[in-house]
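What follows is the residue order along each chain.
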Amino acid sequence: MPPPVLELAELTVRYGRFTALDRVSASFDGGALALLGPNGAGKSSMLRSILGLVRPASGVVRLFGEDTEKKGALMRRRVGYMPERDSWVPGVSAVRGLAHLAEICGLLPSDAMLRAHDTLHFVGLGEERYREVSSFSTGMRQRYKLAAALVHDPDLLFLDEPTNGLDPRGRVRMLGLIDRVRKEHGKHLIIASHLLPDVEMLCDSVWVLDEGVMKKSETIANLTAAARGGQRVRLPRDDSARFAEAARADGLEALPGEGADEWVLIDESAAIPPDRVFRLARACGTRVLGLKAAARSLEDAFLEALEGDAD
Amino acid sequence: MAFRAAEYEAFEGERSRMPVWWPVLTSTLRRGWGSKWVRRITFLSMASALGITVMIYFLYQVVPNWREMLVEMGNMVLPENQEDARIDAHTYLGLLRFFVFPILLPLSLVFGYDLISADLRANAFESYFSRSITPAAYILGRTLAYVGFMLLVTLMPMLWIWAYDVLTGPDEHFAEVASVPLGMTAAMFITSLALALMIQAVTAITKSGIWTNLTFVAIFIFTAPVGGILFELSGENANFFALSILHCIHVFTATCLGVSDDLDDQYADPNLTAGVLFLIIFLSLLVLLQRLRKRSLVG
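Heads up: the sequence lines are chains Z and V, in that order.
Position 54 of the first sequence, counting from 1, maps to 54 under my numbering, and the rest follow consecutively.
Counting the second sequence from 1 gives a position; my numbering is that position plus 1000.
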């Protein structure tokens, strides 16, 4: 069985007296993982400590089963990083700078240059590759950073706020590129983002961080679906209102669903078994046209993870 | 060669066996050469060396015995000190001023500014250190490139002039200048290393290209008069001149050329000046290593 792609054991990061990460332990087996958390939660500190940009105060980081403290430089060949802030090699063209970064990762100069061209084409900067990055627009710089993360063909990509500052069209384009990288080229992704729709689109699992502490480590499917045991019910339109009244009389919370014929039933104290819904329908003299576990939005789940600990 | 459409694909090629500081060195050289001021200063230095050799050539054409004439003229002007008129290691020590003051210092400032402030502005460190390079390897690559450029504008022209001088001079002239290649190489290497590390260490503290250059200028401009003032105040203790890095470079080079015994009492002790240069190297490395430990900014 292959080792986890990333493993953190009691990872602590401090900046002076401020503790950015407090004994975080978690494991990532592969796929696409999102790091969620409010500003200052410790997402970037986690990424930076994994990459060796910040020295942890204590704890162990293992990439592909290897301790980064001992083999960090070697393991970083298998890792690509797209930082949140703009970052490039100044004074040279985009393609030359990218080739230089690939050479640092151990590619031969001729291979590095070839890959720099290919990667810039892949992210849609083929026409601009002889320009200096300082002359690029925000969207182009974001795509350049993705190319820089990809140029040495890493197995794992760290993307820190990849859609920051992009207009809606640029955002869709960037998400499409990241999705392609994962699906067509089989890269593992770890994405730090505030934008939950982006995360929902790209990732399978999340780590929720707050004030340097890991609040939740869960798959998105588990996190958003049926966590409160709610049920989404579809009924004939004419019976819909009557059914909702009966549900409320039975002690359930009935919230409007996506259409006039749909209701989301929630019981704050327990999960709602399907036969209870059917019984209610029978009692109202109607029939159930559709029934499925009520999924929450990721935003609900995220807020709940943060609030849960506060309680 | 068949047409190959550009597309992202998995890399299955061979990995380079070059040390990881090598691409940093080559990239730094390329970036340095990309600066028009670096190119101008380098050309100025090379052109100066070429000009001097052309001058020697024409002197030979017009006055074939110009070396003897030079000694005789020296005897007339400085009868008690005729050695000063010879072309020997002292001449190259004098020539050093010509290459160090107007060429080496501006180059180190221009190169340092271009290299360091641009890296800071472009947040290049994040790109570098998230890859398989250690900060120490990065510093090594960059410092070697820096030293290489400085040797190119100081040592190379000097050696060019020396080679021409030896080839065109009488046989016995070689003995007078035999110490120049090795001595000058050692002196210029240590000087360039000290300057290269110092500018990086200063940047690691100031975190700004402009402040680095201002600090550098202040160090070079103000330490010389301060040394002179302290020399007068202390009853002519020449060791205070060691406060000036330029003075230290001069005396250290004289030591390397084996002519430090000829320096008068207006010069600091050669051991002290060598100590100052090595102290600069040591302290700069200490600052850089301390920054490396934090891995926040390596200057």
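Hints may contain errors.
Covered stretches of chain Z (chain V as the covering partner; in silico rule of three or more C-beta atoms under 8 Å from a C-beta of chain V) [said to hold, decoys possible]:
| id | region |
| --- | --- |
| 1 | 100-110 |
| 2 | 188-199 |
| 3 | 239-251 |
| 4 | 276-285 |
Just the calculated beta-carbon pair ranges, DEER-fashion [stated by the list, open to error]:
| id | chain 1 | residue 1 | chain 2 | residue 2 | range |
| --- | --- | --- | --- | --- | --- |
| 5 | V | A1010 | Z | L74 | 16 to 26 Å |
| 6 | Z | S134 | V | F1222 | 46 to 56 Å |
| 7 | V | N1123 | Z | P3 | 29 to 39 Å |
| 8 | Z | L74 | V | N1123 | 21 to 31 Å |
The set of hints was computed from the structure by calculation and includes no laboratory data.
Note that the Cβ used here is the ideal one computed from N, Cα and C, for glycine as well.
Against the structure, the hints:
Counting residues of the region 100-110 of chain Z whose C-beta lies closer than 8 Å to any C-beta of chain V gives 9; at least three are required, and the coverage claim holds. By the rule of at least three residues with a Cβ nearer than 8 Å to a Cβ of chain V, the coverage given for the region 188-199 of chain Z is violated, with 0 such residues. Residue count for the region 239-251 of chain Z with a Cβ under 8 Å from a Cβ of chain V: 0. That is fewer than the three needed, and the coverage hint is violated. Check result for the region 276-285 of chain Z against chain V: violated, 0 residues qualifying (beta carbon to beta carbon below 8 Å, three or more required).
Distance hint check for A1010 of chain V and L74 of chain Z: the Cβ-Cβ separation is about 19 Å, which falls inside the suggested range of 16 to 26 Å. For the pair S134 of chain Z and F1222 of chain V, the supplied restraint of 46 to 56 Å is violated, since their beta-carbon distance comes to about 35 Å. The hint said 29 to 39 Å for the Cβ distance between N1123 of chain V and P3 of chain Z, and at roughly 32 Å that hint holds. About 24 Å separates the C-beta atoms of L74 of chain Z and N1123 of chain V, a value consistent with the hinted range of 21 to 31 Å.
The structure shown violates the earlier hints numbered 2, 3, 4 and 6.
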